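Here's the letter readout for the chains.
Protein chains: 2
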Amino acid sequence: MNYKKENETSFTLGAFPTMEILKARSNLVRTIYTHKNLKQSAEIQNILQLAQNLNIPVTDGTRLIERVSGKENVFIMAEFHKFNDKITAGDQIVLYNPSDMGNVGTILRTSLGFGVKNIIFIKPCVDVFNPKVIRASMGAIFSLNIVMYENFNEYLKENEKIKKYLFMLDGKQTLQTLDFGKGEKALIFGNEASGLPSEIKQYGTPVFIEHSNKIDSLNLAISVAIALYQLAK
Amino acid sequence: MNYKKENETSFTLGAFPTMEILKARSNLVRTIYTHKNLKQSAEIQNILQLAQNLNIPVTDGTRLIERVSGKENVFIMAEFHKFNDKITAGDQIVLYNPSDMGNVGTILRTSLGFGVKNIIFIKPCVDVFNPKVIRASMGAIFSLNIVMYENFNEYLKENEKIKKYLFMLDGKQTLQTLDFGKGEKALIFGNEASGLPSEIKQYGTPVFIEHSNKIDSLNLAISVAIALYQLAK
Chain G
1 MNYKKENETS
11 FTLGAFPTME
21 ILKARSNLVR
31 TIYTHKNLKQ
41 SAEIQNILQL
51 AQNLNIPVTD
61 GTRLIERVSG
71 KENVFIMAEF
81 HKFNDKITAG
91 DQIVLYNPSD
101 MGNVGTILRT
111 SLGFGVKNII
121 FIKPCVDVFN
131 PKVIRASMGA
141 IFSLNIVMYE
151 NFNEYLKENE
161 KIKKYLFMLD
171 GKQTLQTLDF
181 GKGEKALIFG
191 NEASGLPSEI
201 KQYGTPVFIE
211 HSNKIDSLNL
221 AISVAIALYQ
231 LAK
Chain D
1 MNYKKENETS
11 FTLGAFPTME
21 ILKARSNLVR
31 TIYTHKNLKQ
41 SAEIQNILQL
51 AQNLNIPVTD
61 GTRLIERVSG
71 KENVFIMAEF
81 HKFNDKITAG
91 DQIVLYNPSD
101 MGNVGTILRT
111 SLGFGVKNII
121 FIKPCVDVFN
131 PKVIRASMGA
141 IFSLNIVMYE
151 NFNEYLKENE
161 KIKKYLFMLD
171 GKQTLQTLDF
181 GKGEKALIFG
191 NEASGLPSEI
201 KQYGTPVFIE
211 HSNKIDSLNL
221 AISVAIALYQ
231 LAK
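Residue numbers (my numbering), protein chains in the order written: chain G, 1 to 233; chain D, 1 to 233.
Hints in this document: simulated from the structure, not taken from any laboratory.
A quick note: this is a predicted structure, and the numbers were derived from the prediction, not measured.
For every residue, glycine included, the Cβ atom is placed at its ideal position computed from N, Cα and C.
A portion of the hints provided could be inaccurate.
Footprint (simulated), chain G over chain D, 3 or more residues, beta carbon under 8 Å [claimed, not checked]:
# : stretch
1 : 94 to 104
2 : 108 to 118
3 : 216 to 229
In the BS3-like style, the derived pairs of lysine-lysine whose C-alpha atoms are separated by at most 30 Å in a straight line are [unchecked claim]:
#  : chain 1 : residue 1 : chain 2 : residue 2
4  : G       : Lys182    : D       : Lys172
5  : G       : Lys233    : G       : Lys86
6  : D       : Lys157    : D       : Lys36
7  : D       : Lys36     : D       : Lys86
8  : D       : Lys233    : G       : Lys182
9  : G       : Lys214    : D       : Lys39
10 : D       : Lys172    : D       : Lys82
11 : D       : Lys71     : G       : Lys123
12 : D       : Lys233    : G       : Lys163
13 : D       : Lys214    : G       : Lys214
14 : G       : Lys23     : D       : Lys214
15 : D       : Lys123    : G       : Lys132
16 : D       : Lys164    : G       : Lys233
17 : D       : Lys157    : D       : Lys117
18 : D       : Lys132    : G       : Lys5
19 : G       : Lys163    : D       : Lys82
20 : D       : Lys214    : G       : Lys182
21 : D       : Lys172    : G       : Lys233
22 : G       : Lys233    : G       : Lys23
23 : D       : Lys132    : D       : Lys172
With the rest of the complex left out, here is chain G (with noise of 0.2 Å):
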């Protein structure tokens, strides 16, 4: 792939994602590339016309599509400027050191599925705008506030008074028993592999996803969709 983790820029790989950033954070987009083999649809219509009323330049990128999006069917993209939010009001998702792409992506998805805006990244994570990522949002990514702090300490100083629930294996609290309440909320959870530390249990009200000792834990997107889930209802 033909992107790498420190570019000021990364790609939106395909119609769909593509549309979401020129509706979304048309002034991030730098230049929409085309595939020599794209074939005009309504969709395709609708992100040229957008670009041209937006003065984004359109130019062909045949080569620069195969080499980012690998052997894939892609024939259009966005080349884009990284960003980093600040974070608004109301609730936040907290992902401590996450590590899977897809499992970012997804549950930037879900989050804006269940109106949870602010996505907070404690690092070292993954590279939170590689083009997979991007895409495995389907370009929910664009309609969120994305935030990065270095390490837990930085987020904690900004952000003392929010009521935080830590999803941990060993949380004394069922979810399905929590009473959330009110005010606002961050959600935290930990690595895919290895949770969170037990030293922040501190912070907040450890929590657990009651599941059967059949499975050793369930998936981290998975986690994610089901507390916010219950968190929206």
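Since the structure of chain G is provided, determine the placement of chain D on it from the hints.
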């Protein structure tokens, strides 16, 4: 990958799913293969001891492992006979034409976690025994009843009476307000891209997992997980 859908056997890549099949379905295991770079560990010792107790042959399979797993770090695997179970009493998850291996693996793991044992596949669908599915399921597939039907009519014939819930974007009943009531239930989910065909609506209660209109739909594995959580609650 040196594995084909039409083969009578498949493989568990790595120690974790290999241990799971030895615990749950050892009678299906033909051979345990080890890689020349296999490192000894307590888990590996357990696998090799169990294989010896069960009279399962253990043999060097360095090249076979590399061909089946591709470039991944796999040092042990079991070759096992594929299976097709019979439905038993209890609730059902029915997957109508699922096409994504990662989704199916995650759904298997989540179903085991929430205690639903009958997992039914309506063809055409992804190869449920592909090593990637086995791995994504974390070996959960071996502790479930896996049942295949050639088409939805065959499923209906043998499962006339069970209460059916059809997860569809245009369902009028939301999951959030649904009372599943008593008796056995079948939760039925469509293909990732196309959903359930509307002509099967007549066979059950269409249900919608309410989410904002900012996303098209929830991911399939996410939808199943939320429904399982609600059912178990």
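Status of each hint after checking the structure:
1. Interface restraint, the stretch 94 to 104 of chain D with chain G: violated (1 residues with C-beta to C-beta distance below 8 Å; minimum three).
2. Coverage of the stretch 108 to 118 of chain D by chain G holds [criterion: at least 3 residues with CB-CB distance below 8 Å; count 6].
3. Only residues whose beta carbon comes within less than 8 Å of a beta carbon in chain G count, and the stretch 216 to 229 of chain D has 8; three or more means the coverage holds.
4. With a C-alpha separation of about 29 Å, the suggested pairing of G:Lys182 with D:Lys172 holds against the 30 Å cut-off.
5. Straight-line distance between C-alpha atoms of G:Lys233 and G:Lys86 comes to about 26 Å, which keeps the hinted pair within the 30 Å bound.
6. For the suggested pair D:Lys157 and D:Lys36, the alpha carbons sit about 50 Å apart, so the restraint of at most 30 Å is broken.
7. For the suggested pair D:Lys36 and D:Lys86, the alpha carbons sit about 39 Å apart, so the restraint of at most 30 Å is broken.
8. Taking the CA atoms of D:Lys233 and G:Lys182, the gap is about 22 Å. The hint holds against a cut of 30 Å.
9. With a CA separation close to 27 Å, the supplied pair G:Lys214 and D:Lys39 stays within the 30 Å bound.
10. With a CA separation close to 39 Å, the supplied pair D:Lys172 and D:Lys82 exceeds the 30 Å bound.
11. Between D:Lys71 and G:Lys123, the direct Cα distance comes to roughly 28 Å. Compliance with the 30 Å bound is thereby established for this hinted pair.
12. Distance check on the hinted pair: D:Lys233 and G:Lys163 sit about 24 Å apart at the alpha-carbon level, within 30 Å; holds.
13. For the suggested pair D:Lys214 and G:Lys214, the alpha carbons sit about 36 Å apart, so the restraint of at most 30 Å is broken.
14. At roughly 12 Å between alpha-carbon atoms, G:Lys23 and D:Lys214 fall within 30 Å of each other, so this suggested pair holds.
15. For the given pair, D:Lys123 sits about 29 Å from G:Lys132 by alpha-carbon distance, which is consistent with the 30 Å threshold.
16. Restraint check for D:Lys164 and G:Lys233: the C-alpha separation of about 23 Å stays at or below 30 Å, so the hint holds.
17. A hinted pair counts as satisfied when its Cα atoms are at most 30 Å apart, and D:Lys157 with D:Lys117 qualifies at roughly 20 Å.
18. A C-alpha spacing of about 27 Å is found between D:Lys132 and G:Lys5, which places the hinted pair at or below 30 Å, so the restraint holds.
19. With a CA separation close to 49 Å, the supplied pair G:Lys163 and D:Lys82 exceeds the 30 Å bound.
20. Taking the CA atoms of D:Lys214 and G:Lys182, the gap is about 25 Å. The hint holds against a cut of 30 Å.
21. At most 30 Å may separate the alpha-carbon atoms for a hinted pair to count; D:Lys172 and G:Lys233 meet this at roughly 17 Å.
22. For a cut-off of 30 Å, the pair hint linking G:Lys233 to G:Lys23 stands: about 28 Å separates their Cα positions.
23. Taking the CA atoms of D:Lys132 and D:Lys172, the gap is about 36 Å. The hint is violated against a cut of 30 Å.
The structure fails hints 1, 6, 7, 10, 13, 19 and 23 (numbered hints given earlier, in ascending order).
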